[in-house]
Structures are given as structure tokens and as C-alpha cells.
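With these hints in hand, go ahead and build the complete structure from the sequences.
If you're matching them up, the sequences are chains A and B in order. Just so it is clear: in the first sequence, position 62 is 62 by my numbering, and no numbers are missing. Just so it is clear: in the second sequence, position 308 is 308 by my numbering, and no numbers are missing.
None of these hints come from the bench; they were simulated from the model. There could be a bad hint or two in this list.
Identical copies carry no separate label here, and so any pair may be met within one copy or between two of them.
[Unchecked claim] Think about it this way: if two alpha-carbon atoms lie no more than 25 Å apart in a straight line, the pair counts; the simulated BS3-like pairs of lysine-lysine are:
hint : residue 1 : residue 2
1    : K115      : K347
2    : K350      : K18
3    : K18       : K347
Keep in mind it's a predicted model, so treat the numbers as computed, not measured.
There are 2 protein chains.
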Amino acid sequence: MTLPLGYRYASSYAKIRKVAKDDLALIVSDTPASAAAVFTANQVAAAPVVLSRQHLAATKGKLRAFLINAGNANCATRTGMEVAQQTVAAAAAALNIPANQVLPTSTGVIGVELKASLITKALPKLVKQLTPDGFQKVAEAIMTTDLVPKTATAELSLKGGTVCIAGMTKGSGMIMPNMATTLGFLMTDAALPAPVLKKMLTAATEESYHRLSVDGDTSTNDTVAIMANGASGITLKPADYPLFQQALTKLMQDLAAKIARDGEGATKLVTIHVSGARTNDEAARIARSIANSPLVKTAIAGSDPNWGRIICAAGYAGVKFDPAQVDIAMQGLLVCQGGLAAPFREKELKKRLDEKDVHIEFAFRGKRPGRAKFWTCDLTEGYIRINASYRT
Amino acid sequence: MTLPLGYRYASSYAKIRKVAKDDLALIVSDTPASAAAVFTANQVAAAPVVLSRQHLAATKGKLRAFLINAGNANCATRTGMEVAQQTVAAAAAALNIPANQVLPTSTGVIGVELKASLITKALPKLVKQLTPDGFQKVAEAIMTTDLVPKTATAELSLKGGTVCIAGMTKGSGMIMPNMATTLGFLMTDAALPAPVLKKMLTAATEESYHRLSVDGDTSTNDTVAIMANGASGITLKPADYPLFQQALTKLMQDLAAKIARDGEGATKLVTIHVSGARTNDEAARIARSIANSPLVKTAIAGSDPNWGRIICAAGYAGVKFDPAQVDIAMQGLLVCQGGLAAPFREKELKKRLDEKDVHIEFAFRGKRPGRAKFWTCDLTEGYIRINASYRT
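Next up, the structure:
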């Protein structure tokens, strides 16, 4: 795994969460980096989201550090903004950088006061532990109900040389498209202007995190952020942008799929492919409706090729269509042909549905261009067990 | 329980479903009745829905009978429309009435051919069994995954005398607002014109079935229909309309709440009250978002007063608001005050949340008029168990 140059990472246990597992982390660029972020669209935005927006606006997209804590969302509390500001100030002081070059992010329980001192006291020591090798450790520290850390890297050969992108993400519940979902941190050693970075991140988010749903819920803290520090010595030329965009989108899709696969209680990653819609947006709406249907998700948990639930979920997506034009395949086997049952081998299909990767292809006949790919997971009793006692 | 005059009911087992339990039913008015219905908005509408729409249009709202089968949705099949027409014709012949005065409705599995002969053969005998006392038996015959039959009746004293309304409904999963949900059959012995009846049914549906969600899914077959046969001898005057509307709405809310309480795997009926919104529609959108949140529903299953999930779900309802203006109470105890944690007795509240009826009050401060009441249920492992193996 090749990581981008010029970044250091550290994490420690600051006693924010009850269990003794790292809950505080820093990702620092050695030099000021172009930066951009996509935030939750929830009306109830956590204090760190509000402060992060202010920082990126003030610096016009320049950052040195991501400050991350797990165990407490610092949301819907009396002292939220104060805590965010104090912890950012402490990080900036320890790193000797301007406060507004720190992007604060939090994840965890909502509505419980977060003690700033837990973080401010831990920061000087944490800064001393920063190391280029801390990437994986930080990916573990930011986990909440995640079962596995989620990372991805990409190398991109350009005329001028090679640049790297690395990403880590967390999240396994409360994940829903139409907003930045969960926490995601992306680092590249390419150099490119902040406005271009912002555009690329937004486009990549649209095709990755916004095409992801575990339970249809959307958090108050969701943030996906990127730094580009130029430590590779390579400044992207406009001709390189499409390639970089493609690599970034692919990497973020990889991260999004990892979140779905690790969905709370999930046993299967479900990838939904919609094609032949009028527009990509209509395709995405249909895919999202299928992905959010508890009936579809429980059927897949039970390896039940219940295509009726799939076409039914598509039917209430708010997109007009003629069911007679719909073909549906599961695991490569046609189950619905022109809106009617196709003669498939039920035993064979049930066996294929026992696999860890399930693919649903929902295709409108004809040559219309609208397509979407969407990631979700099955819905099992495990989801209930995890969420019926989160706080206790 | 006083039933409206002039209706007869019958049900029998026609071998549509595998288990030997009544699956075919008739509700017949002795005389032609004014009639109206609200149907699913799903793009994939079952054949009986399509045919029912045609019948009501052709007769301008006149019916003699509801023909109902459980065990097969007669949807997304090659022979759907043919089967609907044949069974309607058989019912009309046996009853000696015009075919378009029969409203066909089906519920059950999608995408499996329904054998018309099962129904057409059973109908002559079924018609002979019609009796004013068959109301409860029919309410049981229309159940699918329902655990209990769901009925409600109302008596309404008007200047001219007393009129009755009775209703029965089925449904415990795949229930979601914004469409007619599940199957509902309403009978009254008042006389009123079909266009007025249609208006009243639509208004009452808006405040009842459209304010109901079990799992966010919406069926291809949902139908709520009413007949008004005038057998009481009382013709409603326009001055009586508001009272009748009120009674009809209340009765349908009662049925909707019964569906939520019997939601698949549900252990609790959850009633959500939103107040102080700009409009009733915005209040309903917030209530629906809370009602559809798996995180809220699992928290309630676990008697966890996790109000953070409630304000979070409101936050992604697509309605702009200031969290500082939000108060939330659960079981009458304030848990969130101005968007922040209120000091509540956690043990006491957890105990109250163990009750079978859970109330969530979500109030915006100020005097804005928008209100909504919404019904849902908790989400438990039972829901998963029921739906992971429906077809098998």
C-alpha cells in the first residue's frame, strides 16, 4: 500500500468513549494543502460541521490538519461550538498552525456534552506521536460500530510522474444518500487548486457516498474531506483532471462499498445497477428506493429471489415508468422479463444468493442513457440488536 | 357493535393460499350504493387496481360489491387483467348485478399467476352464504401476515336519525404513507352523493392511512374503498357533512392505528405528534421522517429514550428549521428542550417506554399552526424473521 507523501498520522485513547480504544486522531499535512469537504445536509448540523464550514470559507480551501474524535458527536449540546473551538485551538497550538487550517470532525452519541479537556490535554502528546506510518492506526481509531477499518489507496501515473491518493472512512449505520455520509478522509500528494478539488470531490461524492444506503438515516455529522498537498512535486494540469477525477471517484466508490458491506448487522454487500432510465438522476432514484426497501433487504438476507418486492420498490420511487419495459436480473439470472416472472431455476438462484456479494440489475428496455450504481446491504436481526441498545 | 344496515358478508377457503384459511370474501350491498376509492400511487399497479379504477369511472361511483382475495396479489403476472375480469364477471353473474358494480381487490404474493377458476368456482356457493352477520369472518379472511383482524364502527346521531359506519382493514407490513395503504373496506347506511363521498374519503385518507408507516414500503395493490347505500333511510344534508367527515376520519384513524400496532414484528404502537410547523404538510413530512427512521424505531423497541435520533430524523425531512426551537417529549416527559438535552429521569422514562403505547411529541416553539399526527410501530427482530422468508 503506497501512501501519499507529506502526511503524518496519530491516534490515542482520550477517554471519550467508555471502552479503552483509541478515540482521538490527527491527520496532518507537512505543508499547507488545498482542501475541500462535503457536509451533511441535515438541518441539525453538529458544531464541528458548522465550524468546519467556517474554516474552509475563511481559508478559501486551505488546511493542514483533520482533527477527529469518536465516541461523541458533539451535537445538540449546550457547549458544542465552544468545545469545537477549544479543541481546534489546542490542535493548532500544538501543531503551530493557524486554527482555521484545522478541520474538526466528530462521531458518536448525540446530545451528550463532550468534555473539551479530554481532547485538549491529549493533543500535545498526540502531536508528538505523528508518523507517516500511522495511517492504519487512525483508520481504526475513527471506527464506532464498524467491525473493520476501511481504507483504499490509488496510484496514478501521469506524464510528470506518479501521484498517490489514500482514503479512510468510517460508518456502518445511519447512512443514506443525498448528503455527505459518514466520515471520510482523503489525502493526495498531487497539487491542484482548491476550487478544482472542490468540484472533483463533489462529483465523486455524487457517484459514491451519495449512492450508498445502510438504513436510510442520515447523520448530523457527516463529512467527507480531502487535502492535496503537492508533496509529490507534481502539479496537475487541466489535461490530467479527468484521470484524477476517475481515480478519486473509483477510490471513493471502493470506500462506499466497504461501508455497505460492513453495514450494521449486514451479511451481504448488495450492488444495484439501474440502466435505461431517462436520466442518471431518475436511475439513482429508482436504485435508492430499492436500496432503502426493508422488504427487499430482508428478502436478500433470506436468499429469497423475491423480485416482486424489487419492482414494487421501484414503483414508488417517484419515477414514471411502464412495468412492461422492465427486466430484472439477480446474480446474473433473469428473474423478471418485461414486468413478468421469468422462468428461472429457483434452487440455483437461492444458492447464488447465499454469496457475500449480491448484484441486482434493473434495466429498462430501449436505449435511454440514464444509469446508476448503488450500494447497500441486507437487513438482518443483527441490525436490530445493535441499534436497540446503542446508548446503554 | 352496531353494523350499518343493508350489507351482507361471506368468506370461504378457495385454496388460493397454501394454508387452509379463508382467502376469498364478498361484501355486498343490498341496493346500489354510492362508492369511492383511493388507490396505490405505485407505478406498478396490480390488475385489480386498474380494473377497479375503470369500474368507478364507468359507473360514476356506483357499486354493489367488494370482491376480495388474499394469498395472491394478482400483480405482475401474464394473466392478471384476464383473471380480474373473469372473477368479477363470475361474482356479477352469481349476484345478478352489472360487472362494473363489483370492485375487485387482491393481496398476497406478487408475480405468481393466480388461477381464476379457484375463485370463479367458489363464488356461487359463497354468494349463497352471504349474511349480515359475516362481518367479523370477512375481516379475518382478508388477513395475510396480520395477527389480529382490524375493525371499527361508529354511530352518528343526526337530526334525521342515526347512521352507522363500519370498516375493516388488513395490512401489517409494506405500509407507507403518500398512497392509499393496505386494503380497507368501509360501509355506511347513510345516503350521500358519490362525488361528496369521494371528497370525504380522500380527506379522511390524508389524515389516517397517509399518516401511517410500518416499513416505508408501499404495495402495488393498496386500496381503500367505501360504499354508502342509504339503507338507514337517512340522506345526509350538506349541514351534516362536517359531522360525517369527522366520524369517518376518526374511524379510519382508528383502523390506521390498529395496522401500526399490528405491524410485522411490532411490540409497540408509536404515535408521533408534530406541532408548530409552518404548515400541516411540513408537520407531516417531519412526522413521516421520524416514523420511517429505523434508528428511531429500534431505539423504541429497546425502550431507549434516544431523542438525538428523533431530532436527527427530523433534520433530514427536507423541512428547514432551527434546532434551537425544538422541544421533544416522550411519554409526556420532556427529553429535549430548545434542541438540547433536557434533564429527565432516565430510569423513569425507560420504564414508561416499556409500555405498549409510545407517544413522541415534537414541537416547534411559537404559534405556527402546522400540526400532524402519525402512526408507526417499533422495529424488532420479529420484522426480519417474518420478511426474510415470506415466499418460502
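Hints versus structure:
For the homomeric pair K115 and K347, the shortest alpha-carbon distance between copies (24 Å) is at most 25 Å, but the shortest distance inside one copy (56 Å) is not. With identical chains, the CA atoms of K350 and K18 are at most 25 Å apart between copies only, with a shortest distance of 21 Å across copies and 42 Å within one. Taking the shortest alpha-carbon separations for K18 and K347, only the inter-copy value of 20 Å comes in at or below 25 Å, while the best intra-copy value is 47 Å.
Hint violations for this structure: none, all hints satisfied.
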